[in-house]
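Please construct the entire structure, taking both the sequences and the accompanying hints into account.
Protein chains in written order, with numbering that gives the first Met the number 0: chain W, 0 to 92; chain C, 0 to 416.
Keep in mind that the hints were calculated from the coordinates and are not lab data. These figures come from a predicted structure and were not determined experimentally. Quick reminder that beta carbons are idealized off the backbone N, C-alpha and C, glycines included. It cannot be assumed that every hint is accurate.
To be verified - List time: in silico SDA-like cross-link candidates among lysine to any residue, alpha-carbon distance up to 25 Å:
{"#": "1", "chain 1": "C", "residue 1": "Lys246", "chain 2": "W", "residue 2": "Ala26"}
{"#": "2", "chain 1": "C", "residue 1": "Lys52", "chain 2": "C", "residue 2": "Met0"}
{"#": "3", "chain 1": "C", "residue 1": "Lys29", "chain 2": "C", "residue 2": "Met247"}
{"#": "4", "chain 1": "C", "residue 1": "Lys251", "chain 2": "W", "residue 2": "Glu22"}
{"#": "5", "chain 1": "C", "residue 1": "Lys251", "chain 2": "W", "residue 2": "Gln87"}
{"#": "6", "chain 1": "W", "residue 1": "Lys47", "chain 2": "C", "residue 2": "Glu356"}
{"#": "7", "chain 1": "C", "residue 1": "Lys268", "chain 2": "C", "residue 2": "Phe327"}
As the list claims (entries may be wrong) - Sample of chain W residues lacking proximity to chain C, with all beta carbon distances greater than 10 Å (derived):
{"#": "8", "residue": "Pro6"}
{"#": "9", "residue": "Cys8"}
{"#": "10", "residue": "Gln9"}
{"#": "11", "residue": "Ile25"}
{"#": "12", "residue": "Arg27"}
{"#": "13", "residue": "Leu29"}
{"#": "14", "residue": "Asp32"}
{"#": "15", "residue": "Asn33"}
{"#": "16", "residue": "Arg64"}
{"#": "17", "residue": "Phe66"}
{"#": "18", "residue": "Lys79"}
{"#": "19", "residue": "Thr81"}
{"#": "20", "residue": "Tyr82"}
{"#": "21", "residue": "Thr91"}
{"#": "22", "residue": "Glu92"}
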Amino acid sequence: MFDIYCPHCQEYREEEEFHASGEAHIARPLDPDNCTDEEWAEYIYFRKNPRGIHHELWVHAAGCRKFFNITRDTQTYEIKETYKVGEQPTVTE
Amino acid sequence: MQKYSGFGLFKHALSHHENWQRVWRNPTPKKKYDVIIVGGGGHGLATAYYLAKEHGITNVAVLEKGYLGGGNTARNTTIVRSNYLWDEAAHLYEHAMKLWEGLSQDLNYNVMFSQRGVLNLGHTLQDMRDIERRVNANRLNGIDGEVLDAKQVQEIVPMMDCSENARYPVMGASWQPRGGVARHDAVAWGYARAADALGVDLIQQCEVTGFEMEDGAVVGVKTLKHGSIAAGRVGCVTAGNSGVMAKMAGFKLPLESHPLQALVSEPIKPILDTVVMSNHVHGYVSQSDKGDLVIGAGIDGYLGYGQRGSYSTIEHTVQAIVEMFPVFSRVRMNRQWGGIVDTCPDACPIISATPVENLFFNCGWGTGGFKATPGSGNVFAATLAKGEAHELAKPFSMFRFHDGSLIDEHGAAGVAH
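Following this line, the structure appears as C-alpha cells:
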C-alpha cells in the first residue's frame, strides 16, 4: 500500500485515491505523417518496463483529478519522489 | 526413470517407502548444449520435454535461477480452459486443452487434471451478447461451450447468489464443461521428471546474467554460477522477467510486468465443485481438493517486480467474491501471495523469433499462462527445433505490434485469465 504525496494537493494520501497510468515522459512523435510502423509501435506498445528505477504517470483520480509523475523502484516499491507533469525527475538511477 | 503405478506403490510400501528413486538428477552443466532454455517454470520444462520427446533433441539444458516451478507456476490459481474468442488464440489454447486431457498418462505423473467445468458469468445485457458471440465462435472452432441462463447457473452452483436482489444480478453464463483445474506444482514436477528421464539437464540456482553474441546471433549464455555455456539456440521462458532478459539481448518487448495476487481460505468442506469467474464483478473462485477456496482477481495497476501487491487489491478481490457468494463472508483467508505477470497490450502471448538470431522468446502470457502450459511448451519446442515458428505460434510473433495484426483477447481473458 503506497502513501503517495500529491504534488498538486501537497499532501500525502493513500493509494486508493490514485490510479497508475503507465510509463511517464512518452513523447508523441513530432512528425506523425512520416513515422514508420516500427516508430508507431515503439510509441504505442513498447515500454521500458525496468526492474529498478521507473518514472511513471499517476492520476489523483479520487482527489484533485490531476496527473503527476512518480519516480519509483519497481523492485523495492520505494517511492523516490513525485513531481508535476512538465518537470524533470531528480532521481534517475 | 522409475515408472509410477499402483503396483509400484504397493511394492514400495513393503520397504516402508524408503527406496524411491530421486525424481530428477542434479547435474553439473556441460560446456555446450544444442538448446538452452532459460527459465525452469511449467512452460520452460514443458518446452524441454517436448524438444526431447517429439524432436529427438536431448542435448538440452533448462537453467533456473531459483528452484523448478517456483515462480508463477507455483503462484497461479490453476484454472484451465480454452474458450477464447479469436481463432488464433482459441486454436492455441485448445491445443493445450487436448494435451491436458492425456497429460497424466503421457508424463506418468498425476497432474490431478479435473474437468469440473468453468463458468464465465454475465451480469449485463452486453455481457450476455459477448458470451453468446464467444460461445458461438468457440463451437465453430470445435471447442465445447454453452450459453446458460440464470436458472441453469443456479443449478450448477447452488451456493451462489443468483437472485434478482444482488447488486449485479447474474443473467447467465458461458459454460465450458471440459475446463477445470490441475495441480500446478505437479505439472512442473511431472514435466521436469519426464524431461530429465529423456536426458535433459535441469540446472537449478543458475541465474543467467547475459547472452554470448557473435555477429548478431546468440551463441551461449553467461551464468552467475557456471560461467559461460554455449548453445546452438536459446529459448527464453522467463515470464515477468522477460523484459529484463530482452534488455540483456539488446531489444525491447511490448510487455509490462505487474504484480498479480491470489489468496486461499482455510480448508472448508466441499461447497463448490466448479470454477466460477466473473468479469463484471471482477473475481474468480474455485475450491481445491484440499478444501481451500482459491481466489483471484485483477492485477495491481502499477509495474512491480516485487512478487507482492497492495492490500486494497486484495480487498476488492474479496469484495467481489462475497458479492457473488454471500455465504463466504465469514470464511477466513489463510494465505495470500503475488507473482509477476508479463502483460501484453492485446492480452495474448508472444511466441517468437527475435531481432537476435537463434534467440527465441516465449512470454507475454500475462495473467493466464498456466492453462496453456502444455500447448505453449509443445509449440515452442517445435519453434526451437526447426528455427521457425510452429503453425499455431505464427500469429503470436513479437513483430505483430509493428504491422498491427493484434489478437485482442481482453474479453475472453476476462478478470485475469
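* **Hints not upheld, ascending by number** => Violated: none.
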